[in-house]
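Asks: Chains as they are written, first to last, in my numbering: chain A, 105 to 381; chain B, 105 to 381.
Misleading hints may appear alongside valid ones.
Which copy? The list can't say, so a pair holds if one copy fits it or any two copies do.
[What the hints assert, rightly or not] 35 angstroms max Cα-Cα, derived DSBU-like pairs, lysine-lysine:
| no. | residue 1 | residue 2 |
| --- | --- | --- |
| 1 | Lys138 | Lys185 |
| 2 | Lys246 | Lys119 |
| 3 | Lys185 | Lys306 |
| 4 | Lys138 | Lys335 |
Source of the hints: derived by calculation from the structure; they are not laboratory data.
Protein chains: 2
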Amino acid sequence: MISRQYLVDQIKQKKSFLCVGLDTDVEKIPEFLKAYPDPIFEFNKRIIDATRDLCISYKPNAAFYEKHGVSGLQSLIATWKYLPADCLNIIDAKRGDMGNTSGMYAKAFFDESAAGMSFDAITLSPYMGHDAVSPYLEYKDKWVIILALTSSAGSKDFQYLTTEHGFLYEAVIQKANTWANADRIMYVVGATKSTEFTNIRKYAPDNFLLVPGVGAQGGSLADVCHYGMNKDCGLIVNASRSIIYASNGQDFAEAARAEALKIQQEMQAELEKAGII
Amino acid sequence: MISRQYLVDQIKQKKSFLCVGLDTDVEKIPEFLKAYPDPIFEFNKRIIDATRDLCISYKPNAAFYEKHGVSGLQSLIATWKYLPADCLNIIDAKRGDMGNTSGMYAKAFFDESAAGMSFDAITLSPYMGHDAVSPYLEYKDKWVIILALTSSAGSKDFQYLTTEHGFLYEAVIQKANTWANADRIMYVVGATKSTEFTNIRKYAPDNFLLVPGVGAQGGSLADVCHYGMNKDCGLIVNASRSIIYASNGQDFAEAARAEALKIQQEMQAELEKAGII
């Protein structure tokens, strides 16, 4: 189990709060890998081998595997089995359904005896309220990561609506805080809105925030740290495409490592600046 | 392709607006089916055979299949292949992610060449806004069914927040109406809130509404019709457990048919009362 304290310790030890997003698209991986029986797993395996000392988390995006049906699911299961035990292994699935159904999804992703996988954490959509979250919280050694403020253009459609509890994304955080504490819940906060971190930290001072959108999606790591870091770091910053597709040649794993190292070094500087290490 | 007009014609012809929810739980199916190589598919096949003339739609719930990993996905694909072409075949997946990722999910469920399935419609969560929906709308012969007001207890957490555009669920409908019209978008509206249908019909006079929660979840069909029906019917009412688990003996398919027939007859009476047939 990856407890909050273990995660903080890993961040200090690895001097990194990087999550490598395994959004593995078979159309973007190096051609030579296609000779292997499971090219997606082969790609992920080499990315993991090349980056595991530089990151504290991996995050396969379920859609990229589901797209390939049975073989995609087999690649996902093989990838899960290969993920390092010292990392927070997140399935980015953004599920959100009523209680009975959420219980089934929780089994799929948290109970190895069901579908062959047991991730440490899952991303969830809050629209259906506590039903959509509570069945996952019954797994006492697992995390839920709830969408609050996302980084794509569509986030403006609803997340910034003004409600009786502030913006919708603020209402989500305030309500979800009543379901479990910062040892069990993280929030997704899009990095293109760095100044909003101040706002979010009012309601979620201790929670870890999973931050997509640094790198290919355009956010600034310095801004994220300036506004979003807390005394335990409290940030997991994801980069996917900028790392995993740094090269599409024979050297893709080395190129991925070089890119991850660059980010890790920036993160180390931020952790030092904040006095965390 | 199931166009809006075709769906209306099917409703008139079958005198039914019933959707049979294939929430197939291997722990609840008759014991004797477990001797078959794919018990879940075998169950679904017999339920479909017993009900296809009484309903206009089937809706497998993705979670129930994902729970079983590779074999569950194989059951889902086999079920999709067996679904009748004259029915609106919905995958109840409640996905909702940024554009790039939504495009992958759309392939998984809409493009047979990707994962072996091509459903007519998918349920989607609106939290991430238009990104979460637009990639599915690129499939011109497919429907999206967006969560508006759900029927479980958690719906109160956010869907009833008051925003500058009314309740959140009303804001969702008003915004989603700008993405596509009633030929492409349906909304999920929970049947335990019948009086809210009046409200929803203000914003979605022509859209079909997918109504879960009649039967096991406790909604009243008469109320749903009184408040929610439009001149084309405009309703697809789902029943899952009350039909598929009507018996767990050798007679489960006959019992499912009897239950579906009872609902179909109630629906016929409502359609006659409304002058639609």
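Asks: If a hint holds in the structure, say so; if it does not, say that too.
Replies: Hint by hint, here is what the structure shows:
In this homomeric assembly, lysine 138 and lysine 185 come within 35 angstroms of each other (Cα to Cα) both inside a single copy, at 21 angstroms, and across copies, at 29 angstroms. For the identical chains of this complex, lysine 246 and lysine 119 are intra-copy neighbours only, at 24 angstroms inside a copy versus 48 angstroms across copies, given an alpha-carbon limit of 35 angstroms. Taking identical chains as interchangeable, the C-alpha atoms of lysine 185 and lysine 306 are never at most 35 angstroms apart, the minima being 38 angstroms within one chain and 51 angstroms between chains. In this assembly of identical chains, lysine 138 and lysine 335 lie within 35 angstroms of each other by CA distance neither inside one copy nor across copies; the values are 45 angstroms within and 54 angstroms between.
Taken one by one, the earlier hints fail for this structure at numbers 3, 4, listed in ascending order.
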